[in-house]
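Participant: Listed below, chain by chain, are the residues.
Number of protein chains: 4
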Amino acid sequence: MTSRILLTGFEPFGGERLNPSQALAEALHGQRVGEAEITGLVLPCVFDDALAVLNQALDAHRPGLVLALGQAGSRADLTVERVAINLNDARIPDNAGRQPIDTPVVPGGPAAYFSTLPIKAIVADLRAAGLPASVSQTAGTFVCNHVFYGLMHALATRHPGARGGFMHVPLLPGQAARLAPPTASMALETMREGVLIALRTALHERVDRVVGGGALD
Amino acid sequence: MTSRILLTGFEPFGGERLNPSQALAEALHGQRVGEAEITGLVLPCVFDDALAVLNQALDAHRPGLVLALGQAGSRADLTVERVAINLNDARIPDNAGRQPIDTPVVPGGPAAYFSTLPIKAIVADLRAAGLPASVSQTAGTFVCNHVFYGLMHALATRHPGARGGFMHVPLLPGQAARLAPPTASMALETMREGVLIALRTALHERVDRVVGGGALD
Amino acid sequence: MTSRILLTGFEPFGGERLNPSQALAEALHGQRVGEAEITGLVLPCVFDDALAVLNQALDAHRPGLVLALGQAGSRADLTVERVAINLNDARIPDNAGRQPIDTPVVPGGPAAYFSTLPIKAIVADLRAAGLPASVSQTAGTFVCNHVFYGLMHALATRHPGARGGFMHVPLLPGQAARLAPPTASMALETMREGVLIALRTALHERVDRVVGGGALD
Amino acid sequence: MTSRILLTGFEPFGGERLNPSQALAEALHGQRVGEAEITGLVLPCVFDDALAVLNQALDAHRPGLVLALGQAGSRADLTVERVAINLNDARIPDNAGRQPIDTPVVPGGPAAYFSTLPIKAIVADLRAAGLPASVSQTAGTFVCNHVFYGLMHALATRHPGARGGFMHVPLLPGQAARLAPPTASMALETMREGVLIALRTALHERVDRVVGGGALD
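Protein chains in written order, with this note's numbering: chain H, 2 to 218; chain A, 2 to 218; chain E, 2 to 218; chain V, 2 to 218.
By construction, these hints were calculated from the structure, which means they are not laboratory data. There could be a bad hint or two in this list.
Not the full set, but computed from the structure, chain E residues with beta-carbon under 7 Å of chain A [claimed, not checked]:
| id | residue |
| --- | --- |
| 1 | Gly35 |
| 2 | Ala37 |
| 3 | Arg128 |
| 4 | Pro133 |
Simulated DEER-style distance windows between Cβ atoms [as the list claims (entries may be wrong)]:
| id | chain 1 | residue 1 | chain 2 | residue 2 | range |
| --- | --- | --- | --- | --- | --- |
| 5 | H | Pro161 | E | Arg18 | 57 to 65 Å |
| 6 | A | Gly213 | E | Gly110 | 32 to 40 Å |
| 7 | E | His30 | V | Pro13 | 49 to 57 Å |
| 8 | A | Val212 | E | Pro161 | 22 to 30 Å |
| 9 | E | Ser4 | V | Arg63 | 55 to 63 Å |
Yeah, the Cβ is synthetic: ideal placement off N, Cα and C, and Gly gets one too.
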């Protein structure tokens, strides 16, 4: 079943003209990781609509592995998310002008889902390959966390056996160049290499390694 | 029932000689917030042991309101935590030398609990009073999150009607002065005023205000 | 001659209603440090005008020691400035609407002046007293650096024997509370204690201690 | 005379195995920018020795334009330095074990030199090309500032007509991957493109543009 990988990104939001996660989903569409073929999918940066598109793709492709990507404008490295929470709290409007505050992603759903990817192994392999990476304890409360939670809920309730998770990527240099310095960025090529490593590790390790990746606060 | 408030802090950890949360629990022990009297309690910074002490106090005092405090060495403002996750991942050993990695706080417990305090109202009231404050989307994965999760689990399963939550406070100036600059800090008096405001708001508002406090990533 | 200390602060700028450096100059006006009496002076946050007021006070009071204070909105600790540069480059307009770009503070003046205060000793004494402090390698290019440079030029050319320097202080909690979190701050009382320690050390040590305070970049 | 460009980098220091500035000097050695040919030169990360090697190269090549590069481990973008100060204050030992504290680069030299490159124009052109960049008001107090000051002193006193300056670059991804996250980095290819743009602008613009690039503090 893991012969199909779904890799999602988002369209630009927040006034940006680019989104590295979109560029990655498009660039890797059709590529193979071992036996498995990647289907790239770009989601609207819109609450609920993003999940409708995602769920349709899950039904259509029935992937064994799903990695959702999102842009993290305040981060400097590849951050593999640990946990998705059942909460929307939008600091800015989404691309449809919606700005939910303290609503659930899935009414009645559990408070949170943990990633079912081997997040410690992915971070270790990324760093070993010379790519800055770390575990993140929060995916925020905007559409990224929304999609991460919705994905994990879908896998848990409707796609037994499939595994999934979320990785945030920094801005591209061209995005950072238009913002107030200093803003961290990462080249698309660096990110692309990182996504492939993350997918390879996720395919091969079903049980995560017991190595530290926690935060004191 | 909210005539009793339990306010917990932690003993020093990580090589520190002080912990502002201990100082606050001790300084406010016996004080009143309106009708309600504060019981200050200092917890060991030790996985499981901290929860044993906390649970004993919950049984003994049967507080209607519990605010757990902890030190956040990397933060500059008062941060009201939104969610506790069922996970221990210790970057450093606790005070008993334990360093669990990716273990649950409560085996079989839900993935997360949300604070049952009005976190948006507390942040708004703190800021209106001239105290830097914000909502935090992660309490980390060390003993602070452990106690926060254990507290919420205890309230949910054994103390119906009682409400609780967690607030992180920065380092004291005297702690920051011994670390590599720049390290943010906050005067104890500023924190003390903040804790009293947080408790007052928590006592009076059972339904949170619908105001933003989210994070994009 | 060091029986007179001139302590300057600035009026609020950049849309703020307060400036901690003004509060400090006013609060310490008339206080003694050993034998020496402090004259507090509030400068307009206006290029050139600030120096006119400063120079008038230098002539009137003939202080042996001058400490100029300024607000550093992006800093978390007390920062003792090492060097003033002969350059104005205003990112925002000053309080008179002036916004010079790449003009000299003193046409024909040297490119820079080093502080003549014992900056390493001051930082060491501040930290020993439990106050977060560090040496800063840049006072920026706004009115703070302008006054620092103008002060050092005046002392070098017209007030032989008098010594002077500059210290930046963080925002007050009440200022940080109105800005986007996280913004570091420091209680006025903590700053006040710091200024007195800095003055005491400056009075007693004419030769700085040889201890590190550098920056790699 | 500007038909010769000298581009310097440093050997690794501080326990690193790489230094992006070395990689850039080596990669661009022999390349042309318009009519001008680049001579790449790697300097030892050693106080005084670095300047001996630099001065020898200035005498041998008599470049019309000199751009010195250095690694800034704490920065996220390309930072064009504004000013070099006559001061060594080493937080760590250099590669020969020397750790000068508060000594002058050139005894009796002026307190500082400003870059004679069009720093605002360079930053504007870098950003317009999609490369994150900003003006920096301090080159630190380690070997980078030492070389920057020594370079400007040599140009001012012995190489009339030649112009020069300094640019700091972030860590490479492979360096950041071995440090505690989050550490910002930049791909070598992004830096390489940036250095070529900086050189092109420096060659063509002898008078800087009047655009902001200041710091409030």
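Participant: Within 22 to 30 Å: is that where the Cβ-Cβ distance between Val212(A) and Pro161(E) falls?
Facilitator: violated, 59 Å
Participant: Is 32 to 40 Å a correct range for the gap between the Cβ atoms of Gly213(A) and Gly110(E)?
Facilitator: Check failed, 49 Å falls outside 32 to 40 Å.
Participant: Given a cut of 7 Å on the nearest C-beta pair, is the interface hint for Arg128(E) held or broken against chain A?
Facilitator: Result: holds, 5 Å to nearest chain A Cβ.
Participant: The hint says 55 to 63 Å between Ser4(E) and Arg63(V); measuring C-beta to C-beta, is that right?
Facilitator: With Cβ atoms ~57 Å apart, the hint holds.
Participant: Min Cβ distance, Gly35(E) to chain A: is it shorter than 7 Å?
Facilitator: violated, 24 Å
Participant: So, as I understand it, the hint says Pro133(E) touches chain A; can you test that by seeing if any CB pair is closer than 7 Å?
Facilitator: holds, 4 Å
Participant: Mind checking the hinted window 49 to 57 Å against the Cβ distance between His30(E) and Pro13(V)?
Facilitator: The hint (49 to 57 Å, Cβ to Cβ) holds, given that His30(E) and Pro13(V) are roughly 53 Å apart.
Participant: Hey, does the Ala37(E) contact hint survive, CB to chain A under 7 Å?
Facilitator: violated, 25 Å
Participant: Take a look at whether the Cβ-Cβ distance between Pro161(H) and Arg18(E) falls inside 57 to 65 Å.
Facilitator: holds, 59 Å
Violated hints, in rising order: 1, 2, 6, 8; the structure is consistent with all others.
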